[in-house]
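Following the hints, complete the assembly by docking chain X onto the known chain R.
Just so you know, the protein sequences line up as chains R and X, in that order. Read left to right, the first sequence gives residues 1416 to 1775 (the working numbering). Read left to right, the second sequence gives residues 1416 to 1775 (the working numbering).
Among these hints, one or two may not hold up.
All copies of an identical chain are treated as equivalent in the list; a pair is satisfied when it fits inside any one copy or across any two copies.
Once the Cα atoms are required to be at most 27 Å apart in a straight line, the calculated DSSO-like pairs of lysine-lysine come out as [said to hold, decoys possible]: (1) K1739 to K1718; (2) K1506 to K1526; (3) K1527 to K1506; (4) K1739 to K1459; (5) K1718 to K1705.
Treat the hints as calculated values from the structure; they're not laboratory data.
Protein chains: 2
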Amino acid sequence: MTRVYNFSAGPAMLSEDVLKQASEEMLEWRDEGMSVMEMSHRGKAFMSIAAEAEADLRQLMSIPDNYKVMFLQGGASSQFAMIPLNLLSGKKTADYVNTGMWSKKAISEAKKYCEVNVVASSEADNFTTIPDFSSWKLNPDSAYVHYTPNETIGGVEFNYIPDTGNIPLVADMSSTILSRKIDVSKFGMIYAGAQKNIGPAGLTVVIIREDLIGNAMDITPSMMNYQTLSEADSMYNTPPTYSWYIAGLGFKWLLNNGGLDTIGEVNQRKAQKLYDAIDSIDLYDNPVEKQYRSWMNVPFTLKNSDLDAEFLSQAADKGLKTLKGHRSVGGMRASIYNAMPESGIDTLVEFMKEFAKENS
Amino acid sequence: MTRVYNFSAGPAMLSEDVLKQASEEMLEWRDEGMSVMEMSHRGKAFMSIAAEAEADLRQLMSIPDNYKVMFLQGGASSQFAMIPLNLLSGKKTADYVNTGMWSKKAISEAKKYCEVNVVASSEADNFTTIPDFSSWKLNPDSAYVHYTPNETIGGVEFNYIPDTGNIPLVADMSSTILSRKIDVSKFGMIYAGAQKNIGPAGLTVVIIREDLIGNAMDITPSMMNYQTLSEADSMYNTPPTYSWYIAGLGFKWLLNNGGLDTIGEVNQRKAQKLYDAIDSIDLYDNPVEKQYRSWMNVPFTLKNSDLDAEFLSQAADKGLKTLKGHRSVGGMRASIYNAMPESGIDTLVEFMKEFAKENS
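One chain only, chain R, in its complex shape:
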């Protein structure tokens, strides 16, 4: 078996420890005589798996008691509709920050249900920066403020948490959740598709302050109603049980490895190593303003794009896979979530140096 360094933006690399345990437990979980995949979600065994995963996530992120944690389906794209459907609470307007493609998708979906006030945008800068908070035009009548702390495609990231006062702050953390310690109490709601830094695709984690639940519009499908889902403890219907279990294995792996403070240091160091290589080697370029560069998604271009195919091919030969950049940006993208070991970064940097030398 030869596992590669997989730089996919999501679904993404998982810890080998997690996969090994999943493989070993596939036919029988503990003494239950069945796979987790075969367990009734109402049975004691799965209920214990689900509860332990939630408890571990609460511990990792220090989630306050007045927040509900939900394990749902549908990805961030479903949340794009669920947020206005649930949080408008009779108001007509919501504030959105536009810092990249995922912000734009959230805005576009919200427009079905409300007026969207774009309080700040970095589109004129081709999404290579983050708008300074002092420039934001917040609307005091808005139901909430939505933003995307980390944009997976642009590789651009907030280095601050906006203070929106009494207006709830809603964050799409799909590509940055669990990458470092954050103060959950500053948010009304945090949500994340699991397939980047949590676990398998098909699971969505929602962390929401309890007082924001209970005002869904009449047209809201039951499966999109936070009250319905939360009152049923994420089991209004059969939840994605196996993905929930895998996410739990990942939470345990993080706890066993020092929690978010430790992984945060590792992630910062990994990113710094890669940006240092990009900045110091003439062949490579990253357009993002330095203070807003993402720790998780590192896009870079080759000054001569004719070399792209050769770069990807030689990288693959060295076990460095899925480095091709998003079609809208071109070049390369290295997504380096928690499960990407530091040795993956070292191997990539070494290869980038060699490749530049050979092609200078």
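Then chain X, alone, in the frame of chain R:
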């Protein structure tokens, strides 16, 4: 390792062959150096897995070319909203048949979006029968007719496919899909949560005639719009990739074991053995009219319900698990989907005989 006979109604037993292959491939799929769980859904490897699963399902069910097959999230409960949101097509009314708890849930959700005309109901008979088609009061102005071919809780099943003429027939086949050969062309749409007879929870299969796509209401979330989902080949957002892969392993297992004609014969025989035991042993009872008894979900009660706990405990000791009936019905329920081997039925029947003898 001791695997049990798991009679859970869903998530449910999976073929040991499928689980073994999943376990073996968990850390590395073929020569890709990564788990299926870690693969980009846009990469060649996963695209081939996805396409093969769809092709195998099409072959198994002989799905005509003018039907789209989608691999979605959200379970049947999401479809309960998606169906009216997408299929009303400007009409105000939809026809629903009420044959049990799942029918009722579908009806309740549809009422958010349209007038529901209940064309037939077996509620007065405590859901122990299926309304004769001649009694149905179809509304010619309805957009579609919805029914539940097999009710998981009541263990009651249609032994005919209603002929609704030009009005599209929509079927919740969550607990009966792939249990035997059916004529897909008689349906406008078939949908099924995967966690009973397909694979892991968190995947939903939708088979829909193409001409029914494209008329969603304006309020429809993108993730609930069949046109959006279908134009993106189920990849409008990141699909539940690992569940799709496991479903594909299950389809291959069925194909390698003779397809739906063969499994249909096995399923009929399995059900018959169990109903014969229930009918012939004085201790047990099943209330469903014989011609409408489910092949997949076999509820039965003990004439003396004081013995329930002892029955369950002794059954568990023999490796017969998850036999407790749904709380709304009581007693026992044996869900015997495709992956339940005939030896599981034989072992259960043998135990039922012994238990009755000891307690007569």
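Now the hints, each set against the structure:
no.	hint	verdict
1	K1739 to K1718	within (15 Å within a copy, 66 Å between copies)
2	K1506 to K1526	both (13 Å within a copy, 25 Å between copies)
3	K1527 to K1506	both (14 Å within a copy, 21 Å between copies)
4	K1739 to K1459	between (44 Å within a copy, 13 Å between copies)
5	K1718 to K1705	within (19 Å within a copy, 75 Å between copies)
Violated hints for the displayed structure: none, as all numbered hints are satisfied.
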